[in-house]
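Novice: Using the hints provided, position chain A relative to the given structure of chain P.
If you want the building blocks of each chain, they are given just below.
There are 2 protein chains.
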Amino acid sequence: MTDKKLILGMGLIDGYGGLHGAWRAPHVDPGTYADVDATVRHARAAERGKFAFLFTPDFPAVRADVEHSTISNLMDPLIQLAAVARETTNIGFVATGSTTFQEPFNTARQFKALDVMSHGRAGWNAVTTSDPAVAANYGRPVADRDERYQRAHEAIQIVQALWGSWQQDAWIKDQQANRFIDPSKLRPVNLQGEYLASRGPLGIPPSEQGQPVVFTAGGPSPHLLSIAGRYASGFIAEVWTIEQACAQRELVRNAARDAGRDPDEIKYIPGIMTTVAPTVREGLDRRLKYAGEVIEARLPHLGAILGIQIHPDRYDEPLTPEQLVSAHASPRDPRSSNALAVARQGWSPRDILAHGVIDFHPTVVGPGELHADHLQEWFEAGAADGFWVTPDIYEDGVDAFVDEVVPILQKRGLYPTEYPGTTLRANLGVPHQYGPDPRLTGAE
Amino acid sequence: MTDKKLILGMGLIDGYGGLHGAWRAPHVDPGTYADVDATVRHARAAERGKFAFLFTPDFPAVRADVEHSTISNLMDPLIQLAAVARETTNIGFVATGSTTFQEPFNTARQFKALDVMSHGRAGWNAVTTSDPAVAANYGRPVADRDERYQRAHEAIQIVQALWGSWQQDAWIKDQQANRFIDPSKLRPVNLQGEYLASRGPLGIPPSEQGQPVVFTAGGPSPHLLSIAGRYASGFIAEVWTIEQACAQRELVRNAARDAGRDPDEIKYIPGIMTTVAPTVREGLDRRLKYAGEVIEARLPHLGAILGIQIHPDRYDEPLTPEQLVSAHASPRDPRSSNALAVARQGWSPRDILAHGVIDFHPTVVGPGELHADHLQEWFEAGAADGFWVTPDIYEDGVDAFVDEVVPILQKRGLYPTEYPGTTLRANLGVPHQYGPDPRLTGAE
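If you're matching them up, the sequences are chains P and A in order. Residue numbering for the first sequence follows the working numbering, beginning at 984 and increasing consecutively. Residue numbering for the second sequence follows the working numbering, beginning at 984 and increasing consecutively.
Calculated from the structure, these hints are not laboratory results. Worth double-checking, as some hints may not be accurate.
Pairs involving identical chains hold if they fit within one copy or between any two copies, as the list cannot separate such chains.
Listed next, the in silico DMTMM-like pairs over lysine to aspartate or glutamate satisfying Cα-Cα at most 25 angstroms (straight line) [as the list claims (entries may be wrong)]:
1) K1168 / D1114
2) K1168 / D1018
3) K1272 / D1157
4) K988 / D1245
5) K1168 / D1012
6) K1168 / D1048
7) K1394 / E1352
8) K1394 / D986
9) K1168 / E1050
10) K987 / E1226
11) K987 / D1245
12) K1272 / E1352
13) K1156 / D1268
14) K1156 / D1041
Bound-form chain P, shown alone (with noise of 0.2 angstroms):
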């Protein structure tokens, strides 16, 4: 491991936080999805954490359930992260960005004002859109994979041709031989593919980083590592088990030596969920008075994944020994091993799924020890580069994370004290780079 770091970035939803319920909490104000001020507050906390990122995942529609749940993202990614950067020095941004449904000359556009207005901490999570509901908001059928995937390709490709099409050095701003800008060194991109097309130049110089970051996320398809091999410094992942982060992570960085790169420069990021807490049981009380029905109503699916019969009656009583026998993890369902440990800890089954084991990605709930000891041991096994982190209720959580888990992996070595740089690419550990990768030869 020598002095290699673990990256953090911080999953910014709704503005509540990734808990179910955290919206009801009465120390959180339940409009704060339409408050930029808490949204500020929670960067500059995670800002205090030196970590490297927040990130926005987005889903420009409104999901089924919103009348007893919040809406699962920022209003609008870019415009809040615009305003978040005039408040923050170090932090970097990477917001998802369709390549589906956004133009990418406006993409292009968006992301590097954004990056060079905060001095270098943009990055875009360059992801494809299938969900009809989505599509629809566009007006626009749901495209079939290959044309999905073909238009990605496309778009990063513009995208990026766009980002170097103003050369590092063709501002000249010489006041005195009024020369403004060599207009040799800002030059058409001319690029034409089979869905999208742009003749460019872009006119916005280099950030402080040269061009924002790209990113990917979702399951590792073929499809997918084509994309995060070609283009991404970094993956955002959703995975269960250290097994089957490893398996992913590999996946991935062989992605990027097929591509002809060096693995070390994709970011394998999975998700984590936390709940920092004095002890597990207050942890648990905690999440279970704000997420009590959420989880009440998935309490006859845990048997389901444990393969046994659990009995209304027995809800709060830990599983018999005869249970415990007989219980065993789907190995069709990842998050079932984890609930299978969690259960012979001797919990209930509403504390355990109280622990998360159904939630969206590994959750640790407790002092900060445990969250520590969580990180390390992935990342010591080679499952992560880094953790995209979502607390349960920002508005404590972020500060709990940064003052109980912090400075215990800093103890450990494990994490910076200080920031690496300025620039997202300096706190991710990723190579500079400016316009398309030079080492990709054409389209897919």
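Specialist: Coordinates of chain A only, in the frame set by chain P:
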């Protein structure tokens, strides 16, 4: 006139100012184009002068001459205005966004997010785009005018419907009752036009002004008047004379009447460029200092505008009595009558051009009184409800306008001494609107 006040907006272009060569002034950092701190500083200066809004023209392509001239717009209007919104409290933002090349769902989302974030200060200048260089950046052909305007109607209708799709009382956010939104009040819009469609809803609540204010801009063609009359609360104009402005304003007001609206609901806002200086001579010298080459290059054109021959040896002498007798304003160039009026004041050809007589907008050069007189004359003649002002050099020109012109307008009772309110609607004096205008029935 009674107590009606004139409205001021400030044109935010490249960061330097409206004067050719502003970027070369020694007191200007030539890197200002990429420096949002400067944009914030200029915005705050305008806010000190109670400007109702900042207006960002936009041209998403690089114009031909960038060797000696600047990029003529912001890096990205919305991204930069989002930053400015964090550091201002009352000034509004009217950002140009194309109905031709922007997805209505994205327009609706980003503008409403900015509106909510700025507590009700956003406006959308909805324009069509026919420039081949812009079309090429989006990989598309230039559409014909009928198609562009049909698309514009559809885009504005979809955007306004999406803005209204989160009904004003939809957000319950009752923590005790565990009800976040009333789903019956967050409804799809299901709009399907000939070119554009969107299902919605848009997951963004109302702002303090409900939704962004719609503007439009351009010459008053029947196509544009049909947009302005139906949807716009502000009309950004380019005119050179009072007569032209009065006629155009009446066309715009009639278009609103034809759409069943009160003509006072649409504010007609022509442009003006300003050089505030202790004397006219000092103002002209300031302009000659930075725009000297451009003025030099235009000198051969001045004779044509005035219908006389001007020998290059006489560029620095006043026109002769014989020349002044035979000079006449061309009925085909609205700028020529002003050029003639300036010539008759006894200025040399070079000084006539330094008055900005063939610039983008009427230009005033000299003491604050001259500026106030111009604005008052136009305002009282019914040629304008307000003006969008582009100072010659932002770095000191905004402060000069605020310190030397605004107090005179206030003393004359023409201009508010305090912001009428905190929202763009309040500061423009336009009525509340949420969702589509109920007086309009369907698409054209």
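Novice: Regarding K1168 and D1048, is the shortest C-alpha distance of 25 angstroms or less found within a copy, between copies, in both, or in neither?
Specialist: Answer is between; shortest inter-copy Cα gap is 13 angstroms, intra-copy 51 angstroms.
Novice: Treating 25 angstroms as the Cα threshold, decide for K1168 and E1050: within, between, both or neither.
Specialist: This pair counts as between: shortest inter-copy Cα distance 10 angstroms, intra-copy 54 angstroms.
Novice: When no copy is specified for K1168 and D1114, does a C-alpha distance of 25 angstroms or less occur within a copy, between copies, both, or neither?
Specialist: between (40 angstroms within a copy, 23 angstroms between copies)
Novice: How do K987 and D1245 come out at 25 angstroms by Cα distance, when the copy is not named: within, between, both, or neither?
Specialist: Classified as within; 16 angstroms inside a copy, 67 angstroms across copies.
Novice: How would you classify K1156 and D1041 at a CA-CA limit of 25 angstroms: within, between, both, or neither?
Specialist: Answer is between: at 22 angstroms across copies they meet the 25 angstroms cutoff, but 38 angstroms inside does not.
Novice: Between K1168 and D1018, at a C-alpha cutoff of 25 angstroms, which is it: within one copy, between copies, both, or neither?
Specialist: between (42 angstroms within a copy, 21 angstroms between copies)
Novice: For K1272 vs E1352, is the C-alpha pair at or below 25 angstroms within one copy, between two copies, both, or neither?
Specialist: Within one copy, since 23 angstroms is at most 25 angstroms while 67 angstroms is not.
Novice: Taking 25 angstroms as the upper bound on the Cα-Cα distance, should K1156 and D1268 be classified as within, between, both, or neither?
Specialist: between (61 angstroms within a copy, 23 angstroms between copies)
Novice: Within a copy, between copies, both or neither: where do K988 and D1245 come within 25 angstroms Cα-Cα?
Specialist: For K988 and D1245, the Cα distance is within 25 angstroms only inside one copy (18 angstroms; across copies 65 angstroms).
Novice: Indicate which option fits the pair K1394, D986 if close means a Cα-Cα distance not exceeding 25 angstroms: within, between, both or neither.
Specialist: within (13 angstroms within a copy, 68 angstroms between copies)
Novice: At most 25 angstroms between C-alpha atoms: does K1168 with D1012 qualify within a copy, between copies, both, or neither?
Specialist: between (51 angstroms within a copy, 21 angstroms between copies)
Novice: Given a CA cutoff of 25 angstroms, do K1272 and D1157 count as a within-copy pair, a between-copy pair, both, or neither?
Specialist: Close across copies (16 angstroms), not inside one copy (63 angstroms); limit 25 angstroms.
The structure shown violates none of the earlier numbered hints.
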